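Protein chains: 2
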Amino acid sequence: MVTDNNFFMSLALKEAWKYQGLTYPNPAVGCCIISEDASILAVEAHKKAGNPHAEVEALKSAYYKLTNDSKILELSKSADIHTFLLKNHNDIFKTTSIYTTLEPCSHRGKTPSCADLISSLGVKKVFVGSRDLNPEAACGNDKLLACGIEVQNDVLKDKCDNLLEPYGMWKSNNFVFFKWAQRLNGTTDGGTISSKDSRKNVHAMRDVCDLLVIGGNTVRVDRPTLDARLVDGKAPDVLIVSREKEFDKTIPLFNVEGRKVIVSDNFEVCKNYKNIMIEGGANMYELSREYVDFYLCYIAPKIGGDDGLKKIEDNFEILNIEKETQDIIMWMKREV
Amino acid sequence: MVTDNNFFMSLALKEAWKYQGLTYPNPAVGCCIISEDASILAVEAHKKAGNPHAEVEALKSAYYKLTNDSKILELSKSADIHTFLLKNHNDIFKTTSIYTTLEPCSHRGKTPSCADLISSLGVKKVFVGSRDLNPEAACGNDKLLACGIEVQNDVLKDKCDNLLEPYGMWKSNNFVFFKWAQRLNGTTDGGTISSKDSRKNVHAMRDVCDLLVIGGNTVRVDRPTLDARLVDGKAPDVLIVSREKEFDKTIPLFNVEGRKVIVSDNFEVCKNYKNIMIEGGANMYELSREYVDFYLCYIAPKIGGDDGLKKIEDNFEILNIEKETQDIIMWMKREV
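Line by line, the protein sequences give chains A and B. Residues 27 to 362 (our numbering) are what the first sequence spells out, left to right. Residues 27 to 362 (our numbering) are what the second sequence spells out, left to right.
The hints are simulated quantities; they were obtained by calculation from the structure and are not laboratory data. Here the structure is a predicted model, which means the values were calculated and not measured. Honestly, I wouldn't trust all of these hints.
The list that follows gives simulated cross-link-like pairs (lysine to aspartate or glutamate, DMTMM-like), each with its CA atoms no further than 20 Å apart [as the list claims (entries may be wrong)]: (1) K359(B) x E348(A); (2) K205(B) x E191(B); (3) K328(A) x D319(B); (4) K336(A) x D333(B); (5) K297(A) x D319(A); (6) K205(B) x E350(B); (7) K328(B) x D340(A).
Simulated coverage check for chain B against chain A, where a stretch passes if three residues somewhere in it have a Cβ under 8 Å from a Cβ of chain A [stated by the list, open to error]: (8) 55–65; (9) 207–218; (10) 319–328; (11) 344–350.
We put the CB at the ideal spot given by N, CA and C, even for glycine.
Bound conformation, chain A alone (with noise of 0.2 Å):
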């Protein structure tokens, strides 16, 4: 194994992906700082919107590490870890170099900009893997190099333009995944599936997305809520799609407050919606098809069940694998 410029981008990447469905409308970054001696520092991620962006999160690891220094443990708003920062930094930084899956923002917004903050900070070096696409946020790089800080564009380029993806397409559109479970033999039928830790990432996702596409028959045999109650989430809207549209309302996701629940025979409102997650089996698969961007898949390490997605030819490229305490949890874009 190689420990060189990929190797720490690899880890800000795999810590980024955990978070990929739970930080709209921010794209999911990831950050790794290592030492002047190479030694690892912090790996961090930009968890949700609102919370710090991975590289502040990282920098507040990576001062706890070199300081020990466990008053910085305290602070949780981006803002106070900025200022806090700024105030006890001591140049401990210097010599310290940022690998970051996306180019530091210079825009302030909710947060200050990152890439002042490392300028400030004196970081050494900072390794770049997809640069801004958000022409707001963009510049960051240029700021960078105007304070002296050396700067190295396109590290696993292409493994961080596919982690940044879903926000292009937020920016630019919408952004559609479809979602299923499956045991290891690939049958979706018969009770629960997943594990109690996939159903909450799940829930976690259903918070961040504005629209749950779900087939008719789905929900006349399962009666779901679909709400995001493991998590204390919000419901989203949702859409069922089914040329029969007589319901029965007793059904609980047509009682959620707040929540609009649209029944129609196609996907065409989908365009109203941002962050939208389609949870469904072979039929909505096949349905889902030409809408579909990216495809999430948990896999439960059982064998059982009868009925899978069948009848279905498909090739994928898998972006990120990950095992949580039992299922795997896997992200893809299918092959055109």
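Start from chain A and add chain B according to the hints.
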């Protein structure tokens, strides 16, 4: 992400699992070396019996990383690397720490003892996952301690014990693993499923297996060769599990030189072999269930096909997931 002792041991583990099934009759072992300030100097594994042990591979890489002396890169024999390091180490390892999934050997066998080498180089601290099961090789820790090297045992012990389990089985009896290849949707029928890299990996395993088990129906339908031609390896003996004893002897597997082919309706003959791979689908899965120690599943990231492992219910513990260029390679144990 926390970069603690567990992190460095997990790098060693990850590297070692790449060679699980290939190191027979030696254990799969991984090793990570870090500097005083915790920068990663090497992550290596034992690749094949006769090749250097993981510690020697890692010390070689670390030496090169610390000195830039490329002379060591020309050496591949363990004895040569030992001799070179003992002569040229110049105390550069005095401040390094070693993470090894298995207690360093103390036995001078095909290669000199790793414990002796580490002691002579004056490494600062050794972190050990599993203790050695082999009475001839054990006492590595004692040698290290006697030379004033700090030793910390049981780092990710359970995971290291999982990695070591096939070796324990070879020592006491034999190791039987069931290998299958499937698409993401669980199907095992139709044309070639796995990538070329996966198939090469399987051939490399056949090369070190002494028995390959396969079902009679598969032999009749697929007319396989079951050799290790993709890696220029040797072909193992074959057990065809079949009630019907007559086979068309022009099927290629019957005509591989130096191979014994046994046809039987049971698995009795397995007791005469040490390292046994069963290849098959649903039928063989059920037939062999009580004999199997580990499961090895290759998942191609595509959907298609019709038929797979069905009418069976089992839960697995995932021991390792590795993504090669295209497919997923997964080692598992069945939960009992």
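Exercise for the section: Taking the numbered hints from earlier one at a time, note which ones the structure violates and give those numbers from smallest to largest. Expected result: none
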